[in-house]
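Novice: Here's the letter readout for the chains.
Protein chains: 2
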Amino acid sequence: MKTVRNCFIRFVLAALACAVLSTTLQAADPLPSWNEGVAKKSVLQFVASVTKKGSPEFVSSGDRIAVFDNDGTLWAEQPIYFQAFFTFDRVKALAPRHPEWKDRQPFKAVLENDLKALAAAGEKGGAEILMTTHAGMTTEEFEKMVKDWLATAKHPRFNRPFTDLVYQPMLELLAYLRENGFKTYIVSGGGVEFMRPWSEKVYGIPPEQVVGSSIRLKFEMRDSKPVLMRLPEIDFIDDGPGKPVGIQKFIGRRPIAAFGNSDGDLQMLQCTAAGEGRRFMLLVHHTDAEREWAYDRKSPIGRLDKALDEAQRRGWAVVDMKKEWKRIFPFQ
Amino acid sequence: MKTVRNCFIRFVLAALACAVLSTTLQAADPLPSWNEGVAKKSVLQFVASVTKKGSPEFVSSGDRIAVFDNDGTLWAEQPIYFQAFFTFDRVKALAPRHPEWKDRQPFKAVLENDLKALAAAGEKGGAEILMTTHAGMTTEEFEKMVKDWLATAKHPRFNRPFTDLVYQPMLELLAYLRENGFKTYIVSGGGVEFMRPWSEKVYGIPPEQVVGSSIRLKFEMRDSKPVLMRLPEIDFIDDGPGKPVGIQKFIGRRPIAAFGNSDGDLQMLQCTAAGEGRRFMLLVHHTDAEREWAYDRKSPIGRLDKALDEAQRRGWAVVDMKKEWKRIFPFQ
Numbered sequence: 000m001k002t003v004r005n006c007f008i009r010f011v012l013a014a015l016a017c018a019v020l021s022t023t024l025q026a027a028d029p030l031p032s033w034n035e036g037v038a039k040k041s042v043l044q045f046v047a048s049v050t051k052k053g054s055p056e057f058v059s060s061g062d063r064i065a066v067f068d069n070d071g072t073l074w075a076e077q078p079i080y081f082q083a084f085f086t087f088d089r090v091k092a093l094a095p096r097h098p099e100w101k102d103r104q105p106f107k108a109v110l111e112n113d114l115k116a117l118a119a120a121g122e123k124g125g126a127e128i129l130m131t132t133h134a135g136m137t138t139e140e141f142e143k144m145v146k147d148w149l150a151t152a153k154h155p156r157f158n159r160p161f162t163d164l165v166y167q168p169m170l171e172l173l174a175y176l177r178e179n180g181f182k183t184y185i186v187s188g189g190g191v192e193f194m195r196p197w198s199e200k201v202y203g204i205p206p207e208q209v210v211g212s213s214i215r216l217k218f219e220m221r222d223s224k225p226v227l228m229r230l231p232e233i234d235f236i237d238d239g240p241g242k243p244v245g246i247q248k249f250i251g252r253r254p255i256a257a258f259g260n261s262d263g264d265l266q267m268l269q270c271t272a273a274g275e276g277r278r279f280m281l282l283v284h285h286t287d288a289e290r291e292w293a294y295d296r297k298s299p300i301g302r303l304d305k306a307l308d309e310a311q312r313r314g315w316a317v318v319d320m321k322k323e324w325k326r327i328f329p330f331q
Numbered sequence: 000m001k002t003v004r005n006c007f008i009r010f011v012l013a014a015l016a017c018a019v020l021s022t023t024l025q026a027a028d029p030l031p032s033w034n035e036g037v038a039k040k041s042v043l044q045f046v047a048s049v050t051k052k053g054s055p056e057f058v059s060s061g062d063r064i065a066v067f068d069n070d071g072t073l074w075a076e077q078p079i080y081f082q083a084f085f086t087f088d089r090v091k092a093l094a095p096r097h098p099e100w101k102d103r104q105p106f107k108a109v110l111e112n113d114l115k116a117l118a119a120a121g122e123k124g125g126a127e128i129l130m131t132t133h134a135g136m137t138t139e140e141f142e143k144m145v146k147d148w149l150a151t152a153k154h155p156r157f158n159r160p161f162t163d164l165v166y167q168p169m170l171e172l173l174a175y176l177r178e179n180g181f182k183t184y185i186v187s188g189g190g191v192e193f194m195r196p197w198s199e200k201v202y203g204i205p206p207e208q209v210v211g212s213s214i215r216l217k218f219e220m221r222d223s224k225p226v227l228m229r230l231p232e233i234d235f236i237d238d239g240p241g242k243p244v245g246i247q248k249f250i251g252r253r254p255i256a257a258f259g260n261s262d263g264d265l266q267m268l269q270c271t272a273a274g275e276g277r278r279f280m281l282l283v284h285h286t287d288a289e290r291e292w293a294y295d296r297k298s299p300i301g302r303l304d305k306a307l308d309e310a311q312r313r314g315w316a317v318v319d320m321k322k323e324w325k326r327i328f329p330f331q
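These protein sequence lines map, in sequence, to chains D and G. Here the first sequence is numbered in numbering that gives the first Met the number 0, starting from 0 and rising by one per residue. Here the second sequence is numbered in numbering that gives the first Met the number 0, starting from 0 and rising by one per residue.
Chain D with its partners taken away, still in its complex shape:
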C-alpha cells in the first residue's frame, strides 16, 4: 500500500504543479515592456483570434508567417545604418594595404570621416565602397569579419555593442508570436550575410529565416575545397517593392503579419494586407529623442512618410515609441 500512496502523492503533486504553472502562464503579461494602449491591445487580439481553434479567423500554424523589417524596427538605425559603420570600419582596416585611398574618393572621405564629401560621392561612390568591403572573399571569411567587428565595435552615442541596441518590446513580440506558433522572419534591406551571423543569438531568428539584400556568389574549388566567393555584383535589393519579391522568393507564401518603420516597408505591408482573412500590420514610429531618436517624414534614414499616411488611412497599428514603450533597449 505504501507504493500506491507514493505513486498517488507524486501524481497529485504533478497535477498541482501543472495547474499552478498554467495559471502563472495565463496571468503573465507576454508584452511587459508595452504600455496598455491601442497597439498592444490590437496585437493581443490578433494573436488570440488567429490561434483560436474553431474561430472563423483561425489560421493553421504553418501559415502563421510574420515578417519584420530590421533597421529601425528590430534595432536602431541612427545616426546611420549600422551596416554603414561596419563598412567604414572595413575601409579603415583595409587602408594600410591601399595607400592610394588617402587621395582617392570616395575612400578619402571615409578615412577622414568627411560625411559631406561622402554624400557628394553619391550612389556610385557608395556602391564602390560596398563592393570593396563586401566582395572578394569567401562567405565564411565574410561571416568571420562581421562577427569580429560586432565583438569590438561600439555605437558612438551609447558606447555599447550594436547588438545591444535592439528594441526590448520587439524582442518580447518576437517571442510571443513564436510561442503562438508563428514563424518569424526578418525581411530587411540590409545585407543578408551581415545579419545572419547574429540573428539567432540576438532575435532567436535562424539564418534560414533572414531575407535581405545580397551580392552574387560563385562556387569555386580552392585547394580542392569547395568555397563560395562573394562577387562585386548586386544580386538582389530587398527594399521597397523588392520586399514582397523577397518574401515570394524566399518564403513562398504571404505573411499574415508585417512589422516595419519606414517607406521601405510600405509594399511589404500592402502585400500582407492584401491577403484573405485576418491580417496585422504595424509601424514603429520613432518619437523618442531622449531615449532613442525622433524622426519620420523628413529623415534621410528610415523616412516614414507615405507609409504613415497609408497606415492612418487603412487603420494599421502605429506604435508611438515614446508613449507606448516602457523600455526601448534592454539595458535601459
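Incorrect hints may have been included.
Taking lysine-lysine pairs in the DSS-like style, the calculated list, with each CA pair at most 27 Å apart, reads [stated by the list, open to error]:
1) D/Lys200 <-> G/Lys40
2) G/Lys224 <-> D/Lys182
3) D/Lys217 <-> G/Lys182
4) D/Lys305 <-> G/Lys52
5) G/Lys51 <-> D/Lys200
6) D/Lys217 <-> G/Lys123
7) G/Lys107 <-> D/Lys200
8) G/Lys40 <-> G/Lys321
Sample of chain D residues lacking proximity to chain G, with all beta carbon distances greater than 10 Å (derived) [what the hints assert, rightly or not]:
9) Phe87
10) Gly121
11) Thr131
12) Thr151
13) Glu178
14) Glu199
15) Pro205
16) Asp308
17) Lys325
18) Phe330
Honestly, the hints are just simulated from the structure, not real lab data. The beta-carbon is built from N, C-alpha and C at its ideal position, and this holds for glycine as well.
Position chain G against the provided structure of chain D, taking the given hints into account.
Specialist: Coordinates of chain G only, in the frame set by chain D:
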C-alpha cells in the same frame, strides 16, 4: 479511498500505455521499404550518431539540415522532366490563341510532338518555350495553373498523376529525418514555383523549404491590389555549381546531409561533405528498368557520371534502386 484508487488506476494505465508505445516505436523499422543493406545501415548509423546527446558527433537540432534534389531523387524524371510535360501542355493550351504557332518553331515541334525538331531548336528554343509558358502572369495565377495541371495530367507510362511517381523509400527517409529533428529541404534545378504548390502535401516540405530555379518577379499594383508579375527573364539557375549558391542564399548554413542522383548534384554533395563533423552524402542510382528506369552515365536526363566516380572514390552511399528498394512507388 475510492477516488485515490481511481486516480491510481488511471495513472498506472497511462504509464503502461507510455511504455507500450515507446517499445513499439523502438521496434518499428523507420525505413520499411529499404532492404537491409549498406545504404540503409549507413543512414541509420549517421542519424543515431548526430542525434545522440554527448556523442562527439552530436549536432544540435538547428544545424540538422538535410537537402534533397527533386527530379530523379524524390520523384521520377523519365522519359523527360515532369516540368517539361507541364510546359508542353501549356503550349497546347495556349495554342488556340496563337494560330501562328502551327508554322513557327519551336512551338510547331511541341504541337506536333516532334521531339527531333524540338531538340534542333536547342537551348534558345527551350528558353523561348519556357518564357512563353512560365512568364507574363502573376505568381498566384501561375500557382493555379500548376495545381490545375497536376489535378488532371497523367504520366504516359504509368497513366497516373505525376505526384504518384514519388519514391516510397525517400518519403520514409524524409519522415525519419524530420522525426529526428532534421529540417528537410528540396534543392532542385526545377522551377521553385512549379514545386511549391504541392511539396508540402506530397513530401511534407513547406514552400519556404523549397529552393529551385526562378525567373524574375516584379511588384505591381493592379486595380489597387498588389501583385507579383512573373517576368520573362532568368533570375537564378539552381543546378550544378548553382546548388551550393542556392543553399547559401536560401538556407545560409551548410547542410550535414545531401541526397541526389545526378551530376547536377555533385557540387551540392561536395559542399555538404566539406563541412566539419559527421556528414552524409547519398546518390540514388537508377538501376531498375522494370519497376522504374535504368540509366546513368549516358542519359541525357539525369546523367550520373562524374558524381558516381566521386561517390566511389570518397565512399559516399550509392543506392542501387533495384537491389535496395523493396518498393519504388507507393502504388506498387
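Novice: Hints broken by the structure, by number, lowest first?
Specialist: 1, 4, 7, 14 and 15
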